[in-house]
Amino acid sequence: MRQAGSVSKVMLQVIYALLPGIAVYVWFFGWGVVINILFAIVVALISEAGMLALRQRPIKPFLYDGSALVTAVLLALALPPLAPWWITLIGTGFAIIIAKQLYGGLGYNPFNPAMIGYVVLLISFPREMTVWLAPEMLSGHSLGFIDTALAIFTGRLPEGLSIDAISMATPLDTLKTQVALGHSVGEVMSKSPVFGSLGSNAVVWINGLFLAGGLWLIYKKIIGWQIPAATVGSLFLIALIFYFVDLDVYASPLFHLFSGATMLGAFFIATDPVTASTTPRGRLFYGAGIGIFTYIIRTWGGFPDAIAFAVLLMNMAAPMIDYYTQPRVFGHKD
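According to this note's numbering, the stretch in the sequence shown is residues 30 to 363, in order.
Incorrect hints may have been included.
To be verified - For lysine-lysine, the following BS3-like pairs were computed, each having C-alpha atoms within a straight-line distance of at most 27 Å:
no.: 1; residue 1: K38; residue 2: K89
no.: 2; residue 1: K38; residue 2: K220
no.: 3; residue 1: K89; residue 2: K220
To be verified - Computed spacing ranges between beta-carbons, pair by pair:
no.: 4; residue 1: L131; residue 2: S213; range: 33 to 41 Å
no.: 5; residue 1: P302; residue 2: F273; range: 33 to 41 Å
no.: 6; residue 1: R357; residue 2: L67; range: 43 to 51 Å
no.: 7; residue 1: Q85; residue 2: F273; range: 42 to 50 Å
no.: 8; residue 1: G215; residue 2: P87; range: 56 to 64 Å
What the hints contain is simulated information worked out from the structure, not anything from laboratory work. Note that the Cβ used here is the ideal one computed from N, Cα and C, for glycine as well.
Could you build all of it, start to finish, from the sequences and the hints given here?
As structure tokens, this is what we get:
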């Protein structure tokens, strides 16, 4: 119980650090993220309790440790705000039942459960997972809580409103598609409404507040600095190199740092203590790998954002990294 209590305190601090980013997410994109989070939490807790009962394990201590809660919130933040309810149900259920509990529960899962759930959804249901809302300042349409809930659980939008009128491609998707069509980065960013103003730079604000929340977690010693610093630093460095190679084809480092799920991934996902590298030097290699893979997949891969894939790839490498980066034992000579 003492260990569960310490875990629950850590998980609660993580939730607190996420709140500013979630608040601005709601400001720009409406109530969908809140509904997704609440529904994902319900599904996660039911799935966790059900699996614990089947495994004949005590239910209350594990439900109270907060790990299922954090998994649900992180997965919900990765979903489109108007994703159908069954998307949240499948993704959260898979994350808890398959990616976590079937491996033995908290402390035994080799892969980040939230990212496993997200990748399963993205590969299985690409159409539903790529319908993102435009910021309300750009679309001119604002859905209330009831209208948003009806859209998620019934698929019905208010009369006279279509999904095309309130959705648009993300900045990463827009840039990748337009550059592939032969347009320069400068042309795309100057002409597309996704870039440039307060309303269209919603993702920049969200990333900025997740960065602030992550720095607070480092200050409170909830997470170490190595993985976030290595992730952000390696992504910045590789983006800077290619930006200088051809600025018409490759976006600036700051664009990569404040687009997609960069800050959420670097501070809240990559730092998962169960699936990340645990040695001091290993954390640097682990984080650097995530940053490099993120850039490679974003630039030349088949998906606009790549944080989930990069994290899962480095989850596989974490045991090997730890093996080769063990600190020298005191008094031991090489």
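Hint check against the structure, violated hint numbers in rising order: 2, 3, 4 and 7
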